[in-house]
Amino acid sequence: MQPYLAGNGHNLRQTDYQLQSSLVATIKRRFRTYGYLETGTSTFQDYDMYSSMVGTVRKHNMIKTIDPSGDVLVLRPDMTIPIARRMANEKASYRRLFYVQDVFRQLKDESNPKEFTQAGVECFGEDTPENDAETIALAVHVLQDLEFDQFKVEIGHAGFFKDLIDELPLSPEELEKLQELIQSKNLVEIRPFLNNLSVEESIVKAIETIPLLYGKPRDVIERAAAITLNSKMERTVAYLQQVYTLLKAYGIENCVVFDLGLINHMDYYSGVIFQGYITGYSKPVLMGGRYNDLAEQFGAEIPAIGFGCIIDHLLNAKKEAGQTAQTEETVDLVIYYDQNRSSDALPYANQLRNQGYQVLTQTADSTGNTPAKFIIWLTDEESLLIHRQKQTAFQNIGELEDLLQTEMREN
Amino acid sequence: MDTITLALAKGRTAEDSIKLLEKTGIYFDDFSNKSRKLVFYDNTGRVKLIFVKAVDVPTYVENGAADMGIVGKDNIMEAEADIYEILDLRLGQCKFAVAGFNDDQPTSGNILTVASKYPAVAKTHFLKKGVPVETIKLNGSVELAPIIGLADVIVDIVETGNTIKENGLTILEELDSISTRLIVNKASFTTKSESVHAFINTLQTGLE
Numbered sequence: 003m004q005p006y007l008a009g010n011g012h013n014l015r016q017t018d019y020q021l022q023s024s025l026v027a028t029i030k031r032r033f034r035t036y037g038y039l040e041t042g043t044s045t046f047q048d049y050d051m052y053s054s055m056v057g058t059v060r061k062h063n064m065i066k067t068i069d070p071s072g073d074v075l076v077l078r079p080d081m082t083i084p085i086a087r088r089m090a091n092e093k094a095s096y097r098r099l100f101y102v103q104d105v106f107r108q109l110k111d112e113s114n115p116k117e118f119t120q121a122g123v124e125c126f127g128e129d130t131p132e133n134d135a136e137t138i139a140l141a142v143h144v145l146q147d148l149e150f151d152q153f154k155v156e157i158g159h160a161g162f163f164k165d166l167i168d169e170l171p172l173s174p175e176e177l178e179k180l181q182e183l184i185q186s187k188n189l190v191e192i193r194p195f196l197n198n199l200s201v202e203e204s205i206v207k208a209i210e211t212i213p214l215l216y217g218k219p220r221d222v223i224e225r226a227a228a229i230t231l232n233s234k235m236e237r238t239v240a241y242l243q244q245v246y247t248l249l250k251a252y253g254i255e256n257c258v259v260f261d262l263g264l265i266n267h268m269d270y271y272s273g274v275i276f277q278g279y280i281t282g283y284s285k286p287v288l289m290g291g292r293y294n295d296l297a298e299q300f301g302a303e304i305p306a307i308g309f310g311c312i313i314d315h316l317l318n319a320k321k322e323a324g325q326t327a328q329t330e331e332t333v334d335l336v337i338y339y340d341q342n343r344s345s346d347a348l349p350y351a352n353q354l355r356n357q358g359y360q361v362l363t364q365t366a367d368s369t370g371n372t373p374a375k376f377i378i379w380l381t382d383e384e385s386l387l388i389h390r391q392k393q394t395a396f397q398n399i400g401e402l403e404d405l406l407q408t409e410m411r412e413n
Numbered sequence: 139m140d141t142i143t144l145a146l147a148k149g150r151t152a153e154d155s156i157k158l159l160e161k162t163g164i165y166f167d168d169f170s171n172k173s174r175k176l177v178f179y180d181n182t183g184r185v186k187l188i189f190v191k192a193v194d195v196p197t198y199v200e201n202g203a204a205d206m207g208i209v210g211k212d213n214i215m216e217a218e219a220d221i222y223e224i225l226d227l228r229l230g231q232c233k234f235a236v237a238g239f240n241d242d243q244p245t246s247g248n249i250l251t252v253a254s255k256y257p258a259v260a261k262t263h264f265l266k267k268g269v270p271v272e273t274i275k276l277n278g279s280v281e282l283a284p285i286i287g288l289a290d291v292i293v294d295i296v297e298t299g300n301t302i303k304e305n306g307l308t309i310l311e312e313l314d315s316i317s318t319r320l321i322v323n324k325a326s327f328t329t330k331s332e333s334v335h336a337f338i339n340t341l342q343t344g345l346e
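Same order as they appear, the protein sequences are chains A and B.
Residue numbers for the first sequence follow this note's numbering, beginning at 3 and rising by one.
Residue numbers for the second sequence follow this note's numbering, beginning at 139 and rising by one.
Be careful, since some hints might not be right.
No more than 30 Å apart at the CA atoms, straight line, and that leaves these computed lysine-lysine pairs for DSSO-like [stated by the list, open to error]:
1. B:K267 with A:K164
2. A:K285 with B:K191
3. B:K186 with B:K175
4. B:K261 with A:K61
5. A:K116 with B:K175
6. A:K116 with B:K266
Think of the hints as simulated: they come from the structure by calculation, not from any bench.
Can you build the whole structure from these sequences, using the hints too?
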């Protein structure tokens, strides 16, 4: 046997594919009920496009390939950017799109998987608190559909922090360090760091509070209102209040927490951002937010919001919660037939398949032994249907179909 | 409330942390220094303590094998883990430092070699200064490296500076201060918020 290096892809077991496809089917069904249409993007994307865009995927996280003409391509590192670009190219302004495709990223450890299946939505053309609340409600709805007992969607706002530090003359390196400190809720080091840069006391106080703006929405809004330093921040707080009121109307206020210290490394987010966690699973299973300025980089102005679920994480969370797919290891029917009855057996099989039964055909002398709900014997002497040790003879396909239907009804 | 798993670095940090926890009313009666057990529960059964190697604490917490951890900033920096770093327990205070022979700057054209138990920290520090370096990972007796000629300088944690001096080296540069921190898994912070926040608050009161 060829020893084959595994571990860089999805690394799924056979039965995981059944579970994955049932998750994907559930998610797709839910996306459609909110009026989303399926879309997709090419696996190969232009490296120059990604590397020239600010605040997207980091260069070293992309997986590059070179085409025969020497151009560098990357394996699709994200879905949102190519979809937004197409929107701009086609001069479309309103669309609701969903996708289920693989994205490829090289993470810091070589042995980490490089391939993730992502299922997500992008809603273009609306920019209202109603639209934000609906998108968050959809995320919650998906997690409910997947029957996770306990989960939380954490909601933040990219603008709140940006407006606060707008007033500070920070170098890109200092800004990155500050974001890092806030992202890790590192209260210990924020103050000394800002004092070193001789930042005004009122701003230091406000920034220091950001990591603590976490918890029940009403509470967070109240505390955030107390540290606003300009009218932009006041507007953001009022906006979040509106979103919260709508989330209550959706009846999902218990599934969400607010965290204004939430900063996504994807810098294109401009408004509400959110991520979903499942109790007992250590990584976020879905992430998203509003990105009104992204299409601008392609010369169009289209407000948008979206999120993506990482199917691999959902799958692992399912397995860790002990929920696995009911894998069908039995088929509906196996037809065993003598060689000279093949002109009956094969058309029978086809007719039954057309009606949706799973059917296997085997010659009577074969050694195959597939578990089946019904077994049919077609021999020189007779035609028999066997079900739960009960044998019933039949003459033709019509009788067989009737028998099957009766048996199915009785069970 | 949910049980929370707390990863502790074996050794002195563990003893100091347990003393701190006892001050806040969380007792581990069956814990003793000599025990070789690696898992303990507190008297209320709400906190499960696991003992792991210090360098592994951020890994356990990042991957959710532990909800929280108590570990030195040195190990957090080296692990570059994606976690919340909530509290400074003000234990084990020391500093990262670059040490070497005073006059022995590498001649131009030679890349500076740095030996350290913390190659990631060393690399990040010199990268920020724009100095290209080669790092050599060592697991102990780092001071030996410049003496033997394995490296030009070392990056290590320094408390008193005695070890450095006794080996004829000098501190060339002082870097970040280090102390013991409470780190929290990001998912646990959200999904087990009630018990995690209660624990953080108790610990915070204990510190004051």
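Each hint tested on the structure:
1. Note on B:K267 and A:K164: the hinted pairing holds, with a Cα-Cα distance of about 27 Å set against a maximum of 30 Å.
2. Distance hint between A:K285 and B:K191 is fulfilled; the C-alpha atoms sit about 23 Å from each other, no more than 30 Å.
3. As the CA atoms of B:K186 and B:K175 are separated by approximately 13 Å, the hinted pair is consistent with the 30 Å bound.
4. Of the pairs offered as hints, the one joining B:K261 and A:K61 holds, with about 19 Å between alpha carbons and a cut-off of 30 Å not exceeded.
5. Our distance criterion of 30 Å between C-alpha atoms is broken by A:K116 and B:K175, whose separation comes to about 38 Å.
6. Under the criterion of a C-alpha separation no larger than 30 Å, the hint pairing A:K116 with B:K266 is consistent with the structure, at around 28 Å.
The structure does not agree with numbered hint 5 stated previously, though it agrees with all others.
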